[in-house]
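**Student:** Each chain is listed here by its residues.
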Amino acid sequence: MNKKLLIICRKPPYGNSLAREAIDIALAAGAFEQDVSLLFCGDGLWQLMAEQDSQELALKNHGKALAALPLYGIDDIYVQADALAERQLSQNELLLPVKALSPAEITALIDSADTVLNF
Amino acid sequence: MAAVDKEGFLVDLHDWNEGVASELAAAEGITLSEEHWQVIQLLRQFYQEFQLSPAMRPLVKYVGLHLGADKGKSMYLLKLFPGSPAKLASKIAGLPKPDNCL
Numbered sequence: 001m002n003k004k005l006l007i008i009c010r011k012p013p014y015g016n017s018l019a020r021e022a023i024d025i026a027l028a029a030g031a032f033e034q035d036v037s038l039l040f041c042g043d044g045l046w047q048l049m050a051e052q053d054s055q056e057l058a059l060k061n062h063g064k065a066l067a068a069l070p071l072y073g074i075d076d077i078y079v080q081a082d083a084l085a086e087r088q089l090s091q092n093e094l095l096l097p098v099k100a101l102s103p104a105e106i107t108a109l110i111d112s113a114d115t116v117l118n119f
Numbered sequence: 120m121a122a123v124d125k126e127g128f129l130v131d132l133h134d135w136n137e138g139v140a141s142e143l144a145a146a147e148g149i150t151l152s153e154e155h156w157q158v159i160q161l162l163r164q165f166y167q168e169f170q171l172s173p174a175m176r177p178l179v180k181y182v183g184l185h186l187g188a189d190k191g192k193s194m195y196l197l198k199l200f201p202g203s204p205a206k207l208a209s210k211i212a213g214l215p216k217p218d219n220c221l
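As they're listed, the protein sequences go chains A and B. Just so we're aligned: 70 in the working numbering is position 70 of the first sequence, and the numbers increase by one with no gaps anywhere. So the number in the working numbering is just where the residue sits in the second sequence, counting from 1, plus 119.
In isolation and in its complexed conformation, chain B is listed as follows (with noise of 0.2 angstroms):
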């Protein structure tokens, strides 16, 4: 298992592959699905886009530009990823942790 921070967020980015990836996402008592990967692989393609990890407002709004409308809404992402959406699939996409997370 990768290093992790108190939060759960890695130590190191450069340790992430996809078994990383799930191992995170086990760790909170998520199972990836298709619909899942084709996020967390979007919030990778933000993160070399901006070297940001985004704030649920953009998240919504890249989702909605590259995956469709349908799955670009709040409650799409919420279902995937409960609670706080761009946090935990940040994590689990092996971002650095949001700066201003809603």
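Excised from the complex, chain A in its bound form (with noise of 0.2 angstroms):
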């Protein structure tokens, strides 16, 4: 049996390059065929964003890599319900079909996972 992957995303999509990284992380394994699933919690949950423009940053859109992910395997996507409850996001905002958790579910999760990686 696979291992399970889980992939925490906690910064917003730009700024930095570590939602990048976690995004590159995903689609090399999911190429893999690797049970990946992805967290986005606090702050991480601006990389959900439909309709982003990162065009005036001369950066990639990483809203367009992530609609990438259900390709690469990957379905099992979830987000931090009091995160998205704090900056008032509804998930039709959001680029992806997300499952909102609980902090009791969230440690379930992490729980479940055999490799848990934070960006």
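Warning: the hint list may mix true and false statements.
Residues of chain A placed beyond 12 angstroms of chain B at every Cβ, according to the derived structure [what the hints assert, rightly or not]:
| hint | residue |
| --- | --- |
| 1 | 65 |
| 2 | 69 |
| 3 | 91 |
Each computed DSSO-like pair below joins lysine-lysine, with the alpha-carbon atoms no more than 30 angstroms apart [said to hold, decoys possible]:
| hint | chain 1 | residue 1 | chain 2 | residue 2 |
| --- | --- | --- | --- | --- |
| 4 | B | 216 | B | 190 |
| 5 | A | 3 | B | 216 |
| 6 | A | 64 | B | 180 |
| 7 | A | 60 | B | 216 |
| 8 | B | 190 | B | 180 |
| 9 | A | 4 | B | 198 |
| 10 | B | 180 | B | 216 |
| 11 | A | 60 | A | 4 |
| 12 | B | 216 | A | 4 |
| 13 | A | 3 | A | 64 |
| 14 | B | 180 | A | 99 |
| 15 | B | 216 | B | 125 |
| 16 | A | 64 | B | 190 |
| 17 | A | 4 | A | 64 |
Calculated from the structure, these hints are not laboratory results. From the three backbone atoms N, C-alpha and C, an ideal C-beta is built for every residue, glycine too.
Got two chains here, each in a separate frame; can you build the complex from them with the hints?
**Tutor:** Put into structure tokens, the structure is as follows:
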């Protein structure tokens, strides 16, 4: 059985390279048919905003890369429900279908993973 | 002939056109057929959509979604682009070298 890899994304999409590093690892693991899930916490939720425009930053559009996750076999995408509410965001503003988790569910998700990577 | 790096990928992606694609293919010993062009156009669409050069797994899935399940198979792509289809087809389609290519 494949080991379960959980990648936690806590940073906004631009202004540092952590968001991009996380998605690159997710895509590489997905290409090798690993069992990958992603959890977006805190300001990491901004990564999931639909219709990002990074042209003036001269950076790749982070949202476009995230949109490729299902093609890489990654469908388990979770968000921290509290962080969603704090930012007054609703799930239909996000570019992918996600599952919102309570603190207890997040604890269980982290417990169930064999490897956890924090970005 | 447009400038390419030591692995044959275009240095400037803006240099790409259908003539350049034919030359890049010829350098790999491939004569482009209608089936090749379908995949090449689809790769360019993939790059527009995701700003990524696909690895093999997503390429197979994407081809299946757009060209039908009979073409969304590694064997089909291997016949058209022998060896490493994702890498070879990306090269001919004028995409950057894939980061994680199988």
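**Student:** All the hints need checking, so say for each whether the structure fits it.
**Tutor:** Results of checking the hints against the structure:
1. 65: It is violated; residue 65 (chain A) is separated from chain B by about 6 angstroms at its closest Cβ, not greater than 12 angstroms.
2. 69: Check fails; 9 angstroms does not lie beyond 12 angstroms.
3. 91: The claim holds: residue 91 (chain A) sits with its nearest Cβ about 22 angstroms from chain B, beyond 12 angstroms.
4. B:216 with B:190: Satisfied, since the Cα-Cα distance of roughly 23 angstroms is no more than 30 angstroms.
5. A:3 with B:216: Distance of about 29 angstroms is within 30 angstroms: holds.
6. A:64 with B:180: 17 angstroms, holds
7. A:60 with B:216: 15 angstroms, holds
8. B:190 with B:180: 10 angstroms, holds
9. A:4 with B:198: 34 angstroms, violated
10. B:180 with B:216: 19 angstroms, holds
11. A:60 with A:4: Judged against 30 angstroms, a Cα distance of about 28 angstroms means the pair holds.
12. B:216 with A:4: 28 angstroms, holds
13. A:3 with A:64: Holds, because 27 angstroms separates the two Cα atoms, which is no more than 30 angstroms.
14. B:180 with A:99: 24 angstroms, holds
15. B:216 with B:125: 12 angstroms, holds
16. A:64 with B:190: Holds, because 25 angstroms separates the two Cα atoms, which is no more than 30 angstroms.
17. A:4 with A:64: OK: residue 4 (chain A) and residue 64 (chain A) at ~25 angstroms, within 30 angstroms.
Checked against the numbered hints above, the structure violates hints 1, 2, 9; every other hint is satisfied.
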